[in-house]
Amino acid sequence: MRDDDRPALATRVADTALGMAIYAPIALCKALPYRWRIPVMGWLTARVVAPLAGYHARVRDNLAHAMPDLPEAEVRRLMRAVPDNAGRNMAELFSTRDFIARTRGARVHGPGLDTIRAARRDGRPIIFVTGHFGSFNAARIAMIEQGFSMGVFYRKMHNRWFNRRYVAAMGALSEPMFEQGRRGMMRMVKHLKRGGVLAILTDLNAHDGVPLSFFGKPALSPLATAELALKFDAPLVPVWGIRADNGLDFDILVEEPVPATDAVTMTQEVNDRLERQVRARMDQWLWIHRRWKDGTGPMADRGAAQLDAIRRKG
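Numbered according to the numbering used here, the sequence shown spans residues 1 to 314.
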């Protein structure tokens, strides 16, 4: 073996080892019946994985940033409840058959149902927008059961070993899948042109986004979703998979479409609607994610300049 091969091999070995460590709790829980598998994975994530991975500290930091007046008792509750929900989501994703069987009959309701049914009859594309709240995969399954066979736009995970299994599990729920990037965007545009249905999560820190308000703080938010809705005359419909009190079932809320105005106004409306859902069920949003990481600084300054240019043009 040449010397210059060793770093690449070492990287692959380390990547595989980390991926296997991430997957180990999931594999362990798979031996359990579904009704126990999901809560046990939630417990393991909250009590074992979260402290080791620094998730408790991240939840606390995000809450201190967004909601500094939150009582300490509630902060401590969320430090456990948030990773619990994240763990349940991961166990559900890797329990394809049981998860679909449990979720396909979920109650689907809301003021947006008539709009999306009309769009489907007319052959128009539809863009469902959601976030890391409750279970977006539960919303996918329930909406597919309603006849909305949807593609999914996703961001790949950093760990290659785990990402291969993650993508396979996501694809088992529905296809096509469009990976973030130029190629994925081109395929997604073709899908919408053909009148396809698409689901996008928009609550990640978007390096190419603009600083808009989320919990009253600037957060880089992607305009692309609203731009696509305007370009293809697609209803932009927030949909939420709300976890029930029993921790296993879901209520699927389809909100009325975001009014088609301009990309900035529409994206802010999406942020506001997600915020309302999160405030109502604080433990169901992924407070682990660094949503406000680049809300200030060089990326935010670049996004603010883009925002100013858009507003001057408008």
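Treat the hints as calculated values from the structure; they're not laboratory data. Treat the hints with caution; some may be incorrect.
Capping the alpha-carbon separation at 27 Å, the derived lysine-lysine pairs in DSS-like fashion look like this [claimed, not checked]:
1) Lys193 x Lys293
2) Lys313 x Lys156
3) Lys156 x Lys190
4) Lys156 x Lys293
5) Lys217 x Lys190
Since the structure is predicted, the reported quantities are computational estimates derived from the model, not experimental observations.
Status of the hints after comparison with the structure:
1. Straight-line distance between C-alpha atoms of Lys193 and Lys293 comes to about 34 Å, which puts the hinted pair past the 27 Å bound.
2. In summary, the hint linking Lys313 to Lys156 is not supported, as the alpha carbons are separated by about 34 Å, beyond the 27 Å threshold.
3. Restraint check: the Cα-Cα separation between Lys156 and Lys190 comes to about 21 Å, which is no more than 27 Å; the hinted pair holds.
4. Proposed proximity of Lys156 and Lys293 is supported: the alpha carbons are some 19 Å apart, at most 27 Å.
5. Simply put, Lys217 and Lys190 have alpha-carbon atoms about 35 Å apart, too far for the 27 Å limit, and the pair is violated.
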